[in-house]
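Asks: As a plain string of letters, each chain reads:
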Amino acid sequence: MDIFFQQLVNGLTIGSIFALVALGYTMVYGIMKLINFAHGDLVAMASFVGLTVYDQFLGKTTNSILAVIIIFAVTGTIIAMAGIVLERVAYRPLRKAPRLSAVVSALGASLVIQNGIMLIWGPRMRFFPADILPAITWNIGGVYISFIQVVILVISLLIMVGLIFFIDKTRVGAAIRATSIDHDASRLMGIDVNGIITLIFVIGTFLGAVGGLFIGLYYRGINFNMGWNYGLYAFVAAIIGGIGNIPGAMVGGMLLGIFKAFIAGYVSSTWADAFTFTLLIAILVVKPTGIMGERVAEKV
Amino acid sequence: MMKFNSKTIGYVIFIIAMLLFPALADSKWLAIGSTFLIFSVVGLSEDIILGKGGMFNMGHALFFGIGAYTAAIANKSFGIPILYSIPLAIIIPALCGIVLAGPIIHLRGDYLLVATIGFNIVFLQLVENNIFGITGGPNGIFGLDTPSFLGMDLASPTAIYYLGVGVLILTFFIMANLDRSKAGRALHYLRLDELAANSIGINTRGYKLFAFGLGAGIAGLAGVLLAIQYSAVSPEAFNFMQSVLFFSIVLVGGSSLPGILMGTFVMFVLPEIFRDFATWRYFIFGFAMIFAMILRPEGIFPARFGKIPEYFKRG
Chain L
104 MDIFFQQLVN
114 GLTIGSIFAL
124 VALGYTMVYG
134 IMKLINFAHG
144 DLVAMASFVG
154 LTVYDQFLGK
164 TTNSILAVII
174 IFAVTGTIIA
184 MAGIVLERVA
194 YRPLRKAPRL
204 SAVVSALGAS
214 LVIQNGIMLI
224 WGPRMRFFPA
234 DILPAITWNI
244 GGVYISFIQV
254 VILVISLLIM
264 VGLIFFIDKT
274 RVGAAIRATS
284 IDHDASRLMG
294 IDVNGIITLI
304 FVIGTFLGAV
314 GGLFIGLYYR
324 GINFNMGWNY
334 GLYAFVAAII
344 GGIGNIPGAM
354 VGGMLLGIFK
364 AFIAGYVSST
374 WADAFTFTLL
384 IAILVVKPTG
394 IMGERVAEKV
Chain Y
6 MMKFNSKTIG
16 YVIFIIAMLL
26 FPALADSKWL
36 AIGSTFLIFS
46 VVGLSEDIIL
56 GKGGMFNMGH
66 ALFFGIGAYT
76 AAIANKSFGI
86 PILYSIPLAI
96 IIPALCGIVL
106 AGPIIHLRGD
116 YLLVATIGFN
126 IVFLQLVENN
136 IFGITGGPNG
146 IFGLDTPSFL
156 GMDLASPTAI
166 YYLGVGVLIL
176 TFFIMANLDR
186 SKAGRALHYL
196 RLDELAANSI
206 GINTRGYKLF
216 AFGLGAGIAG
226 LAGVLLAIQY
236 SAVSPEAFNF
246 MQSVLFFSIV
256 LVGGSSLPGI
266 LMGTFVMFVL
276 PEIFRDFATW
286 RYFIFGFAMI
296 FAMILRPEGI
306 FPARFGKIPE
316 YFKRG
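Quick mapping for you: the protein sequence lines, in order, are chains L and Y. Residues in the first sequence are numbered from 104 upward in steps of one, following my numbering. Residues in the second sequence are numbered from 6 upward in steps of one, following my numbering.
Just to be clear, a hint being listed does not mean it is correct.
What the hints assert, rightly or not - Chain L is faced by these chain Y residues, among others (derived, beta-carbon under 8 Å): (1) Gly123; (2) Glu303; (3) Phe306.
Hints in this document: simulated from the structure, not taken from any laboratory. Predicted model, so just to flag it, every value in this text is computed and none were measured. All residues carry an ideal CB built from backbone N, CA and C; glycine is no exception.
Model the full structure from these sequences, guided by the hints.
Replies: Here is the structure:
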């Protein structure tokens, strides 16, 4: 039974990271009907920027909690700005173009960011220092829970609750929901559609940046091309939950994390991808709109 | 009957140039030429599914890989001479294309794209985990037999190159006929408007699967050539990144023959010529993809089909 609860804890941790990254996918898809393939690479970039911020400015601070807060703030800001640039350069000129043009542009942006990371930071794996956060581990009835896992779970949960509140209860949230339904009608109602899209990119990439830093803090090893992997997993999470659906992305991320942890625990981690993507295809075949997605009427 | 217009003349000049190339090239350039031929064939076969069929297939390296692995396994585990494994390496990927696409073919654009990515990743993991002990794991299969046919030794780089030219001409031929055939027209109309195509009695599902099967079979044939050229197969040649490249080449090229050949040249041949350029190629190509799409959203050489008015072509 211990292995069950241990993998559940590990799965929830990695699931929260997937969920944070998946939110960026799902929000962009909800507004623009575009798979933002560059999102995962921004997540990877966040890990590298975070590591550099730590090395350059905070390496000698003793107050590690303050240091971590500064890393998150600085990295989040930089990555959110990168998200704005990405939207302006790669997506805005293509808003009226055929769908596939935007997909190719997104793939191009992904290649640029991924290889930009490689050219700046080098192709080798880099490591986060182990002592950024206190290395405490609790043993609760044979299940090990580390401090970093608690941090990831709690902060992710707070962010998600805050985001749902923001989308559901505020005026800006209502504007976002309206824009996702119909750009032109929203514009007629006086909503600044370009502003909303920029805001979506800021929120999405900021959450992705938090996810990227969690990846660095939790796994420590980071790689220039890891963005594809996390991006794909987050995208799978978004589809499982019903793409465009914000609570769906969170549930999808958590379920995917737990599923992946159980495969790693009970089968083998070398088979995790095969099982995950088989599950994805099975879900797509049975219910293409995801477990929490609404039925989308075919537009003729 | 072929009409003599500038396009036909262009093809003839291209084919003659490809045929004469070995007379001018040393062995290094010959290998580069073979690479160009093989990847062009794969790019064109992706065009059958993505460009002509309009199905977002982002797992095309999968069929390329199945072909290469079929030939390698047939040769290594069952002792079939590599050239005799060609029919198998066409039929098996084609069947895989039809069987895999069958359950997912009804999915709308982006979902189909993700499902095909999924297939590619599952395939790669099966191969890397050395399933049934015949795929050689992460190292792949090496030391394949050199090709020979009816006692003729075809192991020289020139022979392999001409094999590639033959396959490319065959692919040209298939694609030119597809454009004029009933199936090609059906694919064209179902890409424009699937619902309308269905309602006038076009078997959309059947033609979509046909396109998948045909594209996969041709990609499989190219896979055999790759296995012959390196007398080895290894998983990383068929990963998801390769699928992304084929996908992008078709769309950036505009789903047209010159566009795809140019894209293949830029992505697979230039890096071999300029070794120092190799680390920068994806960075530069990424920007090129973005700007190509902004400046020409329908591709660099948009495909022209028959005499259909422009306003019908909006995807």
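Asks: Hint by hint, note whether the structure agrees.
Replies: These are the hints, each one checked on the structure:
1. Gly123: Since the shortest Cβ distance to chain L is 4 Å, the answer is holds.
2. Glu303: At 7 Å from the nearest chain L Cβ, Glu303 of chain Y passes the 8 Å test, so the hint holds.
3. Phe306: The hint is violated - Phe306 of chain Y has no Cβ within 8 Å of chain L, the shortest such distance being about 15 Å.
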